[in-house]
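Residue numbers (the working numbering), protein chains in the order written: chain A, 1 to 212; chain B, 1001 to 1270.
Hint data in this document are derived by calculation from the structure and do not stem from the laboratory.
Beta-carbon label-pair distances, calculated as ranges:
1) B:D1263 <-> A:A105: 52 to 62 angstroms
2) A:V204 <-> B:L1150: 29 to 39 angstroms
3) A:G23 <-> B:L1034: 52 to 62 angstroms
4) B:L1034 <-> A:A106: 53 to 63 angstroms
Take a look, some chain A residues computed to stay more than 12 angstroms from chain B by CB distance:
5) V9
6) G109
7) S128
8) H182
Here are some chain B residues the structure puts well away from chain A; computed CB gaps all over 12 angstroms:
9) G1027
10) P1028
11) L1031
12) F1044
13) Q1051
14) A1074
15) R1078
16) T1082
17) Q1093
18) R1105
19) S1107
20) H1214
21) A1254
22) R1262
23) A1266
Glycine included, C-beta positions come from ideal geometry on N, C-alpha and C.
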Amino acid sequence: MPIPTVEAVLTLQSWLSPGYPVGAFAYSHGLELAVAEGRVGGAASLELWVRDVIELGGGRGDAVLLGAAFDDWAQADTAARAFAAGAGRLTETLDQGRAFAATIAAAEGGAADPVAYPVAVGRAARASGLPRTLAAAMYLQAMAGALVSAAQRLAPVGQTEAQGILARLRPLCRAVGAEASHAGLTALSGAAFLSDIASQRHEVKHVKVFRT
Amino acid sequence: MAAMKDIAVIDGATQPRARGALRIGVGPRGLTALRQSGALKALFPHRGSDQVVLVNTAGGITGGDRFGVVLEVAPGARLTVTTQAAERAYAAQPDETGQIEIDARVSGELCWLPQETIIFDRSRLSRQMRVDMDAGARVLWCEQICFGRLARGETLRDVRFRDRVEIRRGGRAVYLDGLDLTGDVFATLDRPAVAAGGRAMASLVLAGPDAAEHLAAVRALLPATGGASMLGADVLVARIVAADGYDLRVALAAILRRLSGRDLPAVWRS
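Start from the sequences and build out the full structure, keeping to the hints where you can.
Structure representation (structure tokens):
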């Protein structure tokens, strides 16, 4: 039986907060390269970029994987590894997934086997009886938050502008989370080509702030 | 195999405009199986070469069409597959989707190098490719998609395109990709993290023991809108976005020459 919404939100908020020790601050998901190449230069272009990632790129893909982990996390993990855009993305998702699983196992019990990050979150959410739609929407909002916060270290984006972007992306996080988390692995797809290409190109960048 | 079996089933409710089924098997000494029916034909342009050219005699694909291809590459064998012309996804009735299914079972080496697929406005196309590799197999796979007939000023405002690729080795997925483009595709392609106005895209995979050796060279050959990386020790992946099909092909030519170890199929160069 699902737990009450308030408890579910409280649990997910702590798991997905920037303070949860998964090292989210170390990854930009290709955004650093997009800034370096002039594709993202300020608040307006940042908002468009993050919107694409959440709706058509790694965000939606992760929401599909998170939802699929409710049904079969091992299968979702295999798919996550084969679906990654490259070595950088694979590191990004596996390192965070490993840290998330280890932390949650130690802090409140649960599976510690290292899996891709959205799979680890989906697996833990299911074990705690949390609804997948909510988990996926909050995961996407956390991802948007991490991207915007990464951009603030790279480009002139003010704190108020950053929060404005996140507020406007909230309905998208909700919609994509609802659709993708119930879509199943056959719905895994992505159209954010330049975001994927940016993360591939980031791997050979010489001076880096972020790992991806 | 699944693709072959599905094609054999006649659906009485909707009359397909075209259907084609093709099965090709190769062994170390050449062709071991060849079955073709309907609008799909296989040409072997050079005696003794490993190259086969697929021909869609229907001239393209539209709603209700179904094409199935099955490829079997035995240990020690090599097969290079290309197409005689670009595959054209024509306008279709809104509720009728053309389907292409390709299944490959590879113990030797497969180079899947079709010419580009051109998506027309109001087309509905669903494609699925599955490759099952043995541990020692090598697969070079490349697909190019061109959005709209740009020379004619065509814009894509009402499209349904679904594409799925799965490459498995020893039964385990090593590469998975999917693309769902619906509705106003040009508006989607204009978005900054999608294609920033580009109208052509290629995906490339090299799965095999030598994949990592080529990474640096592939990266050096890529344009600024292309990227390459490794998915594990022996799967190289690359993606290129380009303004149009011509730029895309130029960017790909040298990379494919290197990864296939030979000149591109002659049909590619004409």
